[in-house]
Amino acid sequence: MADLAQTETKTLKEPAHHERLITGEPSFEHVTDSVSSIVESKTPKAWWVLFGISSSATLLLLVAIAYLFWEGIGIWGLNVPVAWGLAIVNLVFWIGIGHAGTLISAVLFLLRQRWRTSINRFAEAMTIFAVICALIFPAIHVGRIWVVYYVFPIPNQMGVWPNFRSPLLWDVFAFGTYFTVSLLFWYVGLIPDLATLRERATNRIKKIVYGVLSLGWYGGNKQWKHYEMAYLILAAIATPLVLSVHSIVSMDFAVSLLPGWHTTIFPPYFVAGAIFSGFAMVMTLAILARATFGLKDIFNMRVLERMNLIMLVTGSMVGYAYAMEFFIAWYSGNEYEMFAFVNRAFGPYAWAYWIMISCNVIVPQFFWSKKLRTNIAFMFIASILINIGMWFERFVIVVTLSRDYLPSAWGYYTPTFWDIAILIGSFGLFFSLFLLFLRFLPMVAMSEVKGVLPQADPHYAGNKQTYSQAVR
Amino acid sequence: MSKKNGDMKIKGKDYWRSLDQLADTPEFNNFLKREFPLGAAQFDNSWSRRKFLTLMGASLAMAGLASCRRPEEKIVPYVERPEEVIPGVPLYYATSMPFSDHAFGLVVESHEGRPTKIEGNKLHSSTLGASSAITQAQTLSLFDPDRSKKVLKGEQEKSWNDFVLNWIGAFEEFKQNKGVGLAVLSGMFSSPTLSRLKKSFDKNFPNASWVTYEAVSDENIYNGTKAAFGKRYRPNYSFDKARVVLSLDSDFLLTESDSINNARGFGKARNVETEKDEMNRLYIVESGYSTTGANADHRQAISSGDIGAFALNLANALNNLGINVAGTSAQLVSDKKFKWVNELARDLAGAKGASLVVAGRRQPAAVHALAAAINDALGNIGKTVLYSEVSDTSSSDSAGLQSLVADMNSGSVSTLIMFGSNPVYDAPAELGFAAAMSKVKTTIHFNDYVDETGQLTTWHVPKSHFLESWGDTRSYDGTMGLTQPLIRPLFKSVSESEMMGLLAEGKATKGYDLVRQTWKNKNKGGNFESRWRKILHDGLEQKSAYKSESPGVKNSVISKFLRDNPLTNSSGKSGMEIIFRSSPSLYDGRYATNGWLQELAHPISKLTWDNVAYMSNADAKSLGVKNNDVVKLELDGRSLELPVWIQPGQAKNSVVVELGYGRKGAFKVGDGVGGNVNLLRNFSAVGFATGLKVSKMNRTHALACTQDHWSMEGRAIVREASLQEYRQHPKFAEEAVQHKPLESVFDEHSYAEGYQWGMTVDLNSCVGCNACMIACQSENNIPIVGKEQVANGREMNWIRLDRYYSGDVEDPETVHQIILCQHCENAPCETVCPVNATMHDAEGLNVMVYNRCIGTRYCSNNCPYKVRRFNFFNYTKDYSEVEKMTQNPDVTVRFRGVMEKCTYCIQRISAAKIDAKNNGRKVVDGDITTACQQACPVDALTFGNINDAESRVSKKKKFNRNYALLSELNVKPRTTYLAKIRNPNSNIKKA
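Line by line, the protein sequences are chains E and U. Take the first sequence: its position 166, counting from 1, is numbered 1021 in our numbering, and each next residue is one higher. Take the second sequence: its position 777, counting from 1, is numbered 828 in our numbering, and each next residue is one higher.
Keep in mind that the hints were calculated from the coordinates and are not lab data. Just so we're clear, the structure is a prediction, and the values are computed from it rather than from any experiment. Watch out, some of these pointers could steer you wrong.
Just so you have them, the derived chain E footprint on chain U, three or more residues with Cβ under 8 Å [as the list claims (entries may be wrong)]: (1) 762 to 768; (2) 846 to 860; (3) 896 to 909; (4) 918 to 925.
Far from chain U, by Cβ distances over 12 Å, these chain E residues were calculated [unchecked claim]: (5) Trp902; (6) Pro1010; (7) Lys1077.
If we take Cβ atoms under 8 Å as the criterion, some of the chain E residues that face chain U in the derived model are [as the list claims (entries may be wrong)]: (8) Gly927; (9) Asn934; (10) Val935; (11) Pro936; (12) Arg999; (13) Val1003; (14) Val1015; (15) Pro1017; (16) Asn1018; (17) Ser1111; (18) Asp1259; (19) Leu1261; (20) Ala1264.
Built from N, CA and C at the ideal position, the CB exists for glycine as well.
Turn these sequences into a full structure, and let the hints steer you where they fit.
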């Protein structure tokens, strides 16, 4: 802890004096080169292999969705009482993943946690793609896809509006806002780097595409001033979304009257869980990118360790929430509530519950050890386990449906091939999008990273570079 | 489709308003332009919108007529005359349904000549307006595309005329030799016309043999009464007058004959309005767990073979109380293995003349004789049980079947007619009926399907459904009823009367003429035509029941009988006991083609689409089997493999199996469902047998059960008390759950004016007969989904019958609870729907807007009662044209992806409101009955306007037994329950 505190105080000081956030003392030019070259160089074979796998999985998703539309929701294992299944689990899971991106790019930006610069682009892209994956599910899980537009408040001849009391409608607005703001925020952040790529472009197509996308950025003082203001405002708009979106997702459950769903702890617990799972996903991806593209200086141990500490904190919060749910269930004296939680731990889905507990509560506790939280292999495995655990958390919550008030109506939900297919397919889509991002856009915010280099300090002794050199 | 359709497919007519319009004169067009200036433009065009709509309307009306299959003869509608058909307004016709050796009086709702819904006939003593699952399901059987469609000779399609000509030849031949070599194997019937024709058959062919056989029959009962009284009597029970009832292995509330009336009477005697009321007490000893057992105050699981011994013990105990039971003196025993015999005896003795002992049809004649003797000794005959001699009836005769098969094997039968029976499937396997049949030169099969027998015979003649036939019936008490056709035969089939007429008289006569002839003979003198019209209208002839008698037991006869047929279990065979039960849904297998009944959950086990080997937990343990494991049942060298189902409360060392499954001629619905237990049946023991060997097979068979969980988990769901507890705590039901007063932050809808609908479900009356479930299915176009979907928890029933066990797994008590949409005032489903597809209407109904539903299923998740049903697939897409005719036109047929649920039969509410409005009055109590309520024989369901303090439902809601299920959730359900009361004998200590 002492170490952590020391780091914090140092971070708040002038850039010239604080600890190096980017190791290896790269020059501005080196940063630009190392990030841009990934986009500019020939597509590596490994990329094609990975893209081949993930796009096949995407194809599976498309087939699963086409079959779903053709045949009906019955191809999934749903029933009454468990009328929601993997589609909703995946929705909550992917929305949760997205949250880390927003947290890193917006909240940490406002809090001036400048170590975020190395991962923020990356994390924001992840947000966008996770939200895209998530948004598939509320659309396809309805029984009559062809009238899904009824959920939008479109004036119509019948004079019928959506039901503003329904949490599902709140979802429509929450997801819509979240996706729009995240996309804008990400895109605005990309503009200076797109301009860099435009400048470096070697063929005409790239020049035109990057040129159009960079919106005429030339790096003038006024532009930077407007840019920074816009970025700050968008960060301010995005920040409450980190809390609100997953709170609203949690209300899909919390607003119902089902034992095990109807709890007030859900909003904060969902937000903590979302950040927890999001950081785990960023970690998985960062370690992979770091290893593949040799960005060890940018995704350095200091950044990774901080992320592990956030996982330790949010993981403990989630663990606390699990414990508190049990306590409140007992303390409430409500027999249905008590049963629901005992049933979670010892009922037919106990296996899922204990996977969740082991992965979400026990695994992050190992990060108390400095040795483990700075061990790449360990943190890689832990991040994957945490993602599995967080997926199961949502699964455990959804299948709480299987046993509610009247024992006569109890049932059991077994996912079918098509349930699993959309899960695999959504990962396929996510990784496909991510790989395309890695290939065509700068995965690290070059302009921001340069801002935390020692050279960025006007008083930096060795600063001989001019700005025009830096953007090259 | 009939020939007439061709003529009907003419182009829709052009309707015109005046001759000028027809002439299309300029004057007329000018006139139109003046009168309808806005619409004037339309008339310039010869194909205007208006004209198009006119033509469309007319051609649609004509297309609609093509599906009308009104019977050709004049029949009299129940309420309105057929000339007054108003499209969209159903007509009701009285008819009666032949069943076993009795019948049910019914009223059938017909939409534009299409029977869609069956109700009981309020005038007919067999139903008094109520019905059963089986009667309700008949519309689906009628519109079954798998029914036999044509006369067949071998594989060849023939016409009815071919058969008639063929038979006339044979007729003359047999008439010469007086019927030598001619044999008929008939199903049971109870019909004046068929009896009349059978008599002429007997006259024409004195040497022919006529045998009646069905797999489920009251043969033992008739033999038992013969042994007791010297005459073959049918008992008629008055459960409403019986304070103490003992059932000896009798499921009189569901699967025995006359169950609708039994349930009604039983319910009446059990009904309590206040804690001061008295109620009856039911004791039962049985092997399997029956619906009647679930309603008992004291139940003892003993093997079926021990029932006789139990009855003897009872006779002994009564004897000790000074009540001598005739014919038993030599055999009286006192066996310690039976519980509460003495207490029961005292209870029965204390209710002399108001008690009743009934025995089940699978018990041997001796038990029935003894039951009659006990009733006689208790002075019940003439009070709670009356006897009548049946006539116009042909009842099952198993000895006759045995000798018929012997004749067939010896080659002395040259022509065998199977009249409405399917012996290849349901004759006990030991007979080898199919093999014997192959030795008969000409075999003629007359039935509604090309079933197991029909596939093997020389000729097959399709039998019309009773809803398309002229016929007549005598019900259980002998009331004469008419069967009138609601529709012309869908396929090229002939009615029972017509076939019998041909067989007996050698000429083809119309069914209508045959039936009229019979009734004319019976109604000599007076104006027959007006009586006939009245009989057609009512569906029955009043006061035509059999004469009720109160005979005395003949001591000498019964003594000898009981000596010759000892009651104690004396087979001496080792091994388990196997008990053959008729299926509460499929009966003896004749309804195996009916999807509603196949998918109807068994009232106790909640299984669908299968029959199983029920066994006790202890037996399953010792065999090392669990649910779904397949076992091999071996009896007398024959074997059958069935999956195991552990039935709590079943007698140890016994296996219960149900008839009606394992069909091979039941087509797409019934083929391959379950196993045919007739393969194990012996004539020596049709009801039950010992010597069964059970061995575990190494495979499983997945069963589809609609309720996996047995226990109520200690929750106050079904609230129940003994009569004694009820008297001490009259408000026990409401007090079972304590919670703070529930308040709303909003002003709630006041319902100050108009109607506010509500319902009560009396758990004390409900016997668990499932009639409401099929009534709802039929009324509301609920699809069947098949076994796999049921196993996956996707059954569609809007109303369901929950079953919970309590107590010891070897001797549990069972309760039933009807669950349907509770129409909560604070409905949790409504708030969560994102598109407002489920909402509250001004009369308190929670309504479903199918067109608006996008299928998020959130409402189902948030329903604490889980009454919502989702169309996971397009279940109704593949209905054939014939099946579509089953659908009620007043109810939307739902599409894939929408949620549905009980609507309180909103179409009936609307119809009643429109009717009341047209008559310038308000809807009054009793105008509206929901489908479930109408079917219920015990009036467990009451629906009405709760704004009206005088309505029955309001009054029932004021009963102190009234409680709202899950009221602590503040959902304010409109359906409330009246708690169940049991009336145990306080002298019997619970184990």
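Consistency of the hints with the structure:
1. For the region 762 to 768 of chain U, the assignment as covered by chain E holds, since 6 residues bring a beta-carbon within under 8 Å of that chain's beta-carbons and 3 suffice.
2. With 4 residues having a beta carbon nearer than 8 Å to a beta carbon of chain E, the region 846 to 860 of chain U meets the requirement of three or more and the stated coverage holds.
3. Chain E is given as covering the region 896 to 909 of chain U, and this holds because 7 residues of the stretch bring a CB closer than 8 Å to a CB of that chain, at least three being needed.
4. Remark: the region 918 to 925 of chain U is confirmed as covered by chain E, as 7 of its residues place a Cβ nearer than 8 Å to a Cβ of that chain, reaching the required three.
5. Non-interface status of E:Trp902 relative to chain U is upheld: no Cβ of that chain comes within 12 Å, the nearest being about 39 Å off.
6. At roughly 15 Å, the least C-beta separation between E:Pro1010 and chain U is larger than 12 Å, which holds for a residue marked as non-interface.
7. The Cβ of E:Lys1077 sits about 46 Å from the closest Cβ of chain U, beyond the 12 Å cut-off, so the non-interface label holds.
8. For E:Gly927, the interface hint holds, the least distance from its beta-carbon to any beta-carbon of chain U being 5 Å, beneath 8 Å.
9. Of the supplied interface hints, the one on E:Asn934 holds, with its beta-carbon coming within about 3 Å of a beta-carbon of chain U, less than 8 Å.
10. Checking E:Val935 against chain U: minimum C-beta separation of about 5 Å stays under 8 Å; hint holds.
11. Annotation: E:Pro936 was flagged as interfacial toward chain U, and the flag holds, the nearest CB pair being 5 Å apart, inside 8 Å.
12. Taking 8 Å as the C-beta contact cut-off toward chain U, the hint placing E:Arg999 at the interface holds, the least distance being around 4 Å.
13. Given hint, E:Val1003 at the interface with chain U, holds; its Cβ is 6 Å from that chain's nearest Cβ, closer than 8 Å.
14. A hinted interface residue such as E:Val1015 counts as satisfied when its beta carbon comes closer than 8 Å to some beta carbon of chain U; here the least separation is about 6 Å, so the hint holds.
15. For the restraint placing E:Pro1017 at the interface with chain U, the shortest Cβ-Cβ distance is roughly 6 Å, inside the 8 Å limit, so the hint holds.
16. Because the beta carbon of E:Asn1018 sits about 4 Å from the nearest beta carbon in chain U, less than 8 Å, this interface hint is met.
17. For E:Ser1111, the interface hint holds, the least distance from its beta-carbon to any beta-carbon of chain U being 5 Å, beneath 8 Å.
18. Here the hint on E:Asp1259 is kept, as its CB sits about 7 Å from the closest CB of chain U, short of 8 Å.
19. Interface hint at E:Leu1261: satisfied, since its Cβ lies 6 Å from the closest Cβ of chain U, which is below the 8 Å cut-off.
20. The beta carbon of E:Ala1264 comes within 4 Å of a beta carbon in chain U, closer than 8 Å, and the hint placing it at the interface holds.
Violated hints for the displayed structure: none, as all numbered hints are satisfied.
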